[in-house]
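J.: As a plain string of letters, each chain reads:
There are 2 protein chains.
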Amino acid sequence: MENKEFVKELTKMDEDFAQWYTDIILKAELVDYAPVKGFMVIRPYGYAIWENIQKILDNEFKKTGHRNAYFPLLIPESLLNKEKEHVEGFAPEVAWVTQGGENELSERLCVRPTSETIICTMYSKWVKSYRDLPLLYNQWANVVRWEKTTRPFLRTSEFLWQEGHTIHATEEEAREETLRMHKIYADFLENYLAIPVVMGRKSEKEKFAGAEETYTIEALMHDGKALQSGTSHYFGNHFAKAFDIKFQNKEGKMEYCYQTSWGMTTRVIGGIIMTHGDDRGLKLPPNIAPIQVVVVPIAQHKEGVIQKVEELKDKLSKHFSVEVDIRSEVSPGYKFNYWELRGVPVRIEIGPKDIENHECILFRRDTLEKETIKLDKLEERIKELMVDIQNHMFQMAKENVEKHTFIARSLEEYLDIFKHQQGYIKMMWCGCQECEDKIKEEVSSTIRCIPFHEEKLDNKCAICGKEAKHMVYTARQY
Amino acid sequence: MENKEFVKELTKMDEDFAQWYTDIILKAELVDYAPVKGFMVIRPYGYAIWENIQKILDNEFKKTGHRNAYFPLLIPESLLNKEKEHVEGFAPEVAWVTQGGENELSERLCVRPTSETIICTMYSKWVKSYRDLPLLYNQWANVVRWEKTTRPFLRTSEFLWQEGHTIHATEEEAREETLRMHKIYADFLENYLAIPVVMGRKSEKEKFAGAEETYTIEALMHDGKALQSGTSHYFGNHFAKAFDIKFQNKEGKMEYCYQTSWGMTTRVIGGIIMTHGDDRGLKLPPNIAPIQVVVVPIAQHKEGVIQKVEELKDKLSKHFSVEVDIRSEVSPGYKFNYWELRGVPVRIEIGPKDIENHECILFRRDTLEKETIKLDKLEERIKELMVDIQNHMFQMAKENVEKHTFIARSLEEYLDIFKHQQGYIKMMWCGCQECEDKIKEEVSSTIRCIPFHEEKLDNKCAICGKEAKHMVYTARQY
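Sequence order for the protein chains is F and B. So the first sequence is residues 1 to 478, counted in the working numbering. So the second sequence is residues 1001 to 1478, counted in the working numbering.
Isolated chain F, as found in the complex (with noise of 0.2 Å):
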């Protein structure tokens, strides 16, 4: 009775795909609705996994040459406004800061909404020789940005981050380290998150205020929307001017630096559950489930098993994180609903029988497949199926992609495909922002990136006929 509830609860994926993602977030408690509209509590489920990201990509940045530093929450609205395109992208949604204890503030203090400026002014202190540089710097932190609709891990008023801030003395170092850390990025999603992506640049109305050059991951989610998943932004010297960071070169000469930022956030957790849920929930890849493997007892009243369980738990936790529950209140059925909601990739099933028979039941959440195992092969089989469910969930996220990849030559075509499916679309453009907005004003898709490896579909642009420069990825977009 109580497992058939359980998965009523959920709405399904087919019917309802929004409904769907929020029923999740709230029924696998990865996170909550905070007072504040807009906003949102990380739970501690969630946290783990934003945990799991966190020391993945720290350990990449500080094997790349990185090193974590701390700048401040509140930023001067004078030193916002000292790069003219980047105040223009972000001050329409920063949350200001008027009064301090009991007074008025002289001057409005934004909350950072990103802190390419408190850096710039802290670097242009901090830099005079060639033989300071490069700077490689990286923050872990909290930024806000007044959004009007939000979604918790996909867009909200505050999320978690890390923003990765670098200068350096040439142009080439500068642009190097942004498509290292665009590399970084990929594999990450790729390895770990078992998401495939897109690679790629930004168009020039998609580029980040104040960038010369935006690269972006993109992942295309099961209903056919993109995620902008993580970008890496090279900067030329447009903030080094706007904030006099120089330094004195090799011949005695002073000279602007070159700059680099780029960060990924906690919205990439949403991209996990989009990318590879299910009626039942979560599925979370094994590289960076915070429970891998959950041991659920039968009949755990009779003699011997919770005692199997703990020993089983003992044993696998030297290679694995995993979670025993022995909750006498709610049935083994309960239970397995319970964790495939959450995601867990391995479940084992365990009684009284099996115990005697030395072996046990492994369930994997990926297939929902089940098969019975001899106790002393268990850890050899779980360290496979680790493996495996990895690499299959990858490869069904890549099957999903390939199969919503769409291609279009002409503005008649493009629209039909959006008449039956949500996906990639693959077009020729001609590089004009009219053609862009076209699209975006027929069915809200946006050009998502012009990636590394263009293919020529055509010579001419899809949309109006010119001459193409491009092959383009389209999407509608989160």
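Bear in mind the hints are in silico, worked out from the structure with no lab data behind them. Since this is a predicted model, take the numbers as computed values, not measurements. Please note that the accuracy of each hint is not assured.
What the hints assert, rightly or not - Cut-off 35 Å, straight-line C-alpha distance, at most; resulting in silico cross-link-like pairs (DSBU-like, lysine-lysine):
| hint | chain 1 | residue 1 | chain 2 | residue 2 |
| --- | --- | --- | --- | --- |
| 1 | B | 1302 | B | 1353 |
| 2 | B | 1062 | B | 1183 |
| 3 | F | 302 | B | 1302 |
| 4 | B | 1027 | F | 125 |
| 5 | F | 27 | B | 1125 |
| 6 | F | 128 | B | 1308 |
| 7 | B | 1062 | F | 313 |
Place chain B on chain F using the hints.
T.: Below, chain B alone, put in the same frame as chain F:
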């Protein structure tokens, strides 16, 4: 020449302790001042110390069953107002967000000065039954308190911390939790930061706003002032009543929860500096040092020297955190001062002669002693040194505390001590606030804590002469 200049730049500790502190934090590149008064930038070397602190504490928290979560930065004024004592304590020192995007907000939001109110709001949603209890959550976050007089690490308008917030079914459990965390803090300071502490509870006056009991660990700095280094609060069910956090107990009756909170901040980095530092700069205990060993080549232009240094790094990096300094533009002497200023516990000096003799020189930062050691004994010797230095630093700090702990049996004695000395003054106390206020008025000292183990110095209060209730530690404070 350049070496002398280096040291000359540091103010002597005995000449001007405050300036010495400022010199160290800036010149060792731990922090810098931010564009907004009272805010600090934590530079990579300072942040690396914080990362080590986080890693160790987080591990202790998880071992004792706590989980991390994240609650919003901004708290509506109406929530802050719910618990009377709490709002009185914090309202005067918060920063207020009054505008979001382009709109005036209908209700002011405070930037969290601490998160009891927002977390209680969520707990009241999440807790239904005794089965949901306890909730043992912790958050790593930034908080803002609008301070008038600030000093980096010690008191800043924004700082980083962890705040644990737990709720329990019984008073007993909550009280146990409070003391458990109090003990974890004390052990952390003593075993990792090599800072001896006095453990005890705060007087009524010095308690946290809204707490029934506040426990504190106090540390004595080199100038004889006390630093409150970590507090744990038992709330009873004050907040539970204000925020309606109720649960159904085993008997089916509704009850209010019992609650705790506990926090440690970036302030302890100031504690490390002021406990261990000397006229050469910072001195870091090996258990917390971001760099434990630095290798400085002598005559590095000679064949094979750099190569040997890199070889040592590779070998030693398996056990220690190692840095090599092969800058060619500065002398070995400059490098010695540079790394001494940064408090690296062990330095290796190695040149062509040493390489010929299969040896090197080891320098320890705590005693400034040098020794020659055969290269094949190096690893083993550094392992010993790490333990020795850690213990020795703790011992030295302990002796300093003992030397600066005094006893006063009357107000006269009390004031007399402050004429010549700074430190802890132990005294008997009647328990009334007038006597507490008296010493503050006279010499700006306060009751730091009522220790667990009270010595009976006398029968009567040192200040008013009435019957004594407690023995207390008093001091001037940071």
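J.: All hints, please: hold or fail.
T.: Hints, verified against the model:
1. Our distance criterion of 35 Å between C-alpha atoms is met by residue 1302 (chain B) and residue 1353 (chain B), whose separation comes to about 11 Å.
2. Restraint check: the Cα-Cα separation between residue 1062 (chain B) and residue 1183 (chain B) comes to about 15 Å, which is no more than 35 Å; the hinted pair holds.
3. At roughly 75 Å between alpha-carbon atoms, residue 302 (chain F) and residue 1302 (chain B) are farther apart than 35 Å, so this suggested pair is violated.
4. For the given pair, residue 1027 (chain B) sits about 14 Å from residue 125 (chain F) by alpha-carbon distance, which is consistent with the 35 Å threshold.
5. For the given pair, residue 27 (chain F) sits about 14 Å from residue 1125 (chain B) by alpha-carbon distance, which is consistent with the 35 Å threshold.
6. At most 35 Å may separate the alpha-carbon atoms for a hinted pair to count; residue 128 (chain F) and residue 1308 (chain B) meet this at roughly 31 Å.
7. A C-alpha spacing of about 17 Å is found between residue 1062 (chain B) and residue 313 (chain F), which places the hinted pair at or below 35 Å, so the restraint holds.
Hint check: a violation occurs at hint 3 only; the rest are consistent with the structure.
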